[in-house]
Amino acid sequence: MQQSIDRRQFLKLAGLGGVVFASGLAGGAKFADAADADFYFVQLSDTHWGFNGPAVNPDAGGTLQKAVAAVNSLNFEPDFIVFTGDLTHTTDDPKERRRRLAEFRDIVKGLKNKNVRFMPGEHDAALDNGQAWKEFFGASYYSFDHKGVHFIAIDNVSDPAARIGGEQLAWLKSDLATQAADARIVVFTHRPLFDLYPQWDWATRDGAQAIDLLMPHKNVTVFYGHIHQEHHQMTGHIAHHSAKSLIFPLPAPGSQPKREPIRWDPAQPYRGLGFRGVDAEVQKAEYEITEYPVKKA
Amino acid sequence: MNSQRRRLLAAGIITAAGAVFGAVAFAQPKEKIIHVTARKWAFLPREIRLKKGVPVVLEFVTADVFMGFNAPDFNVRTDIIPGKVSRLRLVPDKTGTFVFLCDIFCGDGHEGMSGQIHVVA
Numbered sequence: 001m002q003q004s005i006d007r008r009q010f011l012k013l014a015g016l017g018g019v020v021f022a023s024g025l026a027g028g029a030k031f032a033d034a035a036d037a038d039f040y041f042v043q044l045s046d047t048h049w050g051f052n053g054p055a056v057n058p059d060a061g062g063t064l065q066k067a068v069a070a071v072n073s074l075n076f077e078p079d080f081i082v083f084t085g086d087l088t089h090t091t092d093d094p095k096e097r098r099r100r101l102a103e104f105r106d107i108v109k110g111l112k113n114k115n116v117r118f119m120p121g122e123h124d125a126a127l128d129n130g131q132a133w134k135e136f137f138g139a140s141y142y143s144f145d146h147k148g149v150h151f152i153a154i155d156n157v158s159d160p161a162a163r164i165g166g167e168q169l170a171w172l173k174s175d176l177a178t179q180a181a182d183a184r185i186v187v188f189t190h191r192p193l194f195d196l197y198p199q200w201d202w203a204t205r206d207g208a209q210a211i212d213l214l215m216p217h218k219n220v221t222v223f224y225g226h227i228h229q230e231h232h233q234m235t236g237h238i239a240h241h242s243a244k245s246l247i248f249p250l251p252a253p254g255s256q257p258k259r260e261p262i263r264w265d266p267a268q269p270y271r272g273l274g275f276r277g278v279d280a281e282v283q284k285a286e287y288e289i290t291e292y293p294v295k296k297a
Numbered sequence: 001m002n003s004q005r006r007r008l009l010a011a012g013i014i015t016a017a018g019a020v021f022g023a024v025a026f027a028q029p030k031e032k033i034i035h036v037t038a039r040k041w042a043f044l045p046r047e048i049r050l051k052k053g054v055p056v057v058l059e060f061v062t063a064d065v066f067m068g069f070n071a072p073d074f075n076v077r078t079d080i081i082p083g084k085v086s087r088l089r090l091v092p093d094k095t096g097t098f099v100f101l102c103d104i105f106c107g108d109g110h111e112g113m114s115g116q117i118h119v120v121a
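These protein sequence lines map, in sequence, to chains W and Y. Be aware that the first sequence starts at 1, since it is given in the numbering used here, and climbs by one per residue. Be aware that the second sequence starts at 1, since it is given in the numbering used here, and climbs by one per residue.
Simulated from the structure, these hints should not be mistaken for lab results. Take the hints with a grain of salt, since some may be wrong.
As the list claims (entries may be wrong) - Incomplete in silico selection of chain W near chain Y, CB under 8 Å:
#1 Asp92
#2 Leu127
#3 Ala161
#4 Ala162
#5 Gly166
#6 Gln199
#7 Asp201
What the hints assert, rightly or not - Straight-line alpha carbon distances no greater than 30 Å define the calculated DSBU-like cross-link-like pairs of lysine-lysine that follow:
#8 Y:Lys52 to Y:Lys32
#9 Y:Lys40 to Y:Lys84
#10 W:Lys258 to Y:Lys51
#11 Y:Lys84 to Y:Lys30
#12 W:Lys258 to Y:Lys30
#13 Y:Lys94 to Y:Lys52
#14 W:Lys258 to Y:Lys94
#15 W:Lys134 to W:Lys147
#16 Y:Lys84 to Y:Lys51
#17 W:Lys66 to W:Lys95
#18 W:Lys95 to W:Lys109
#19 Y:Lys30 to W:Lys134
#20 Y:Lys40 to W:Lys258
#21 W:Lys95 to W:Lys112
#22 W:Lys95 to Y:Lys40
#23 W:Lys147 to W:Lys173
#24 W:Lys173 to W:Lys218
#25 W:Lys114 to W:Lys95
#26 W:Lys258 to Y:Lys52
#27 Y:Lys32 to Y:Lys84
#28 W:Lys114 to W:Lys66
Please read all numbers here as calculations on a predicted model, not as lab measurements. Each residue gets a CB set at the ideal place from its N, CA and C atoms; glycine is no exception.
Given only the sequences and the hints, what does the whole structure look like? Please build it.
Dropping the structure here:
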């Protein structure tokens, strides 16, 4: 589709290393109510507002604003924007936590597109079970539908033990029960649902239970954050795609002894940072052909 | 069998069982206990040295908040709860250096809270 190609070309040139991502959303689902339903959304993640570490990001107080400006400058208006957690950097001080959340909220109010969805990360939510985060952004897990795709936001961070928990898993089960086996489903979450690298806490303790619930559905894609880099992995037929951060990149899983931020390179400022655009493309029309012979009467 | 004989017989069985149990317990080598303290935001000790195949008991306390100990390569973890001692039996089945970490998000310095288990043959 020409429009998608243009989006890709544009985003490759976008500031902050913005990248487009071919979503892998295509599936066999039928779109009874979604004619011409191609759409486009933007994922931003791990902005860590309040972080202070000049060696890894001397522009920690300005990177989020640059990302907002970059999204606003996209030639193609996204249908919606999602932040997949760690909006703020953690603090033990509840007042400071709320101050950071308020500042983050005020900065992202600058997004021209007002259809913005938020999710918590453990930096926002784990120290008070999501209490402060919910004061600003509401429910920490939810679902919504958009142009024939069912979106599910899973909270695997408000429990400091990184569990989704029985109550939310029961909700997920009932939510999925409303969806056909071939429905197109997109999951947003912060931490990987699978054991990407537990040695660096890159896992969700009961994530396998969520994957088990998703597994009967043929067309499921997961977008998450947490690991501050792109990573793409399949669990069965389910694709999992992590996003870059907007504060500092982290090394590839297990590539060095410790999980430490990659230092800022003055020769390549903002290297490894960025956000993602996702094209959701409607399945092209397919025609099943059956040949019939002429039979003698 | 009168009641006195039954009591005597029962006492004998209990004594015998106790002797057997005591002998078994005595025959088992006592497992080494390694004390680990978790505090914001470090484990003490940070380095734990073990021998392959030799069981140890790790005993954990926390000096402040609720924490966790997780050694993914050995598939063991425990909560570390304020005011309690948590115990974990570990029999290292491989040699090398392996990470352990706190897996309960416990505060500002949580992400640096890790250590290493060194296992030798």
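Hints, one by one, checked against the model:
no.	hint	result
1	Asp92	5 Å, holds
2	Leu127	7 Å, holds
3	Ala161	5 Å, holds
4	Ala162	7 Å, holds
5	Gly166	17 Å, violated
6	Gln199	4 Å, holds
7	Asp201	6 Å, holds
8	Y:Lys52 to Y:Lys32	13 Å, holds
9	Y:Lys40 to Y:Lys84	17 Å, holds
10	W:Lys258 to Y:Lys51	24 Å, holds
11	Y:Lys84 to Y:Lys30	23 Å, holds
12	W:Lys258 to Y:Lys30	35 Å, violated
13	Y:Lys94 to Y:Lys52	6 Å, holds
14	W:Lys258 to Y:Lys94	21 Å, holds
15	W:Lys134 to W:Lys147	27 Å, holds
16	Y:Lys84 to Y:Lys51	27 Å, holds
17	W:Lys66 to W:Lys95	26 Å, holds
18	W:Lys95 to W:Lys109	21 Å, holds
19	Y:Lys30 to W:Lys134	51 Å, violated
20	Y:Lys40 to W:Lys258	18 Å, holds
21	W:Lys95 to W:Lys112	29 Å, holds
22	W:Lys95 to Y:Lys40	20 Å, holds
23	W:Lys147 to W:Lys173	22 Å, holds
24	W:Lys173 to W:Lys218	15 Å, holds
25	W:Lys114 to W:Lys95	27 Å, holds
26	W:Lys258 to Y:Lys52	24 Å, holds
27	Y:Lys32 to Y:Lys84	20 Å, holds
28	W:Lys114 to W:Lys66	17 Å, holds
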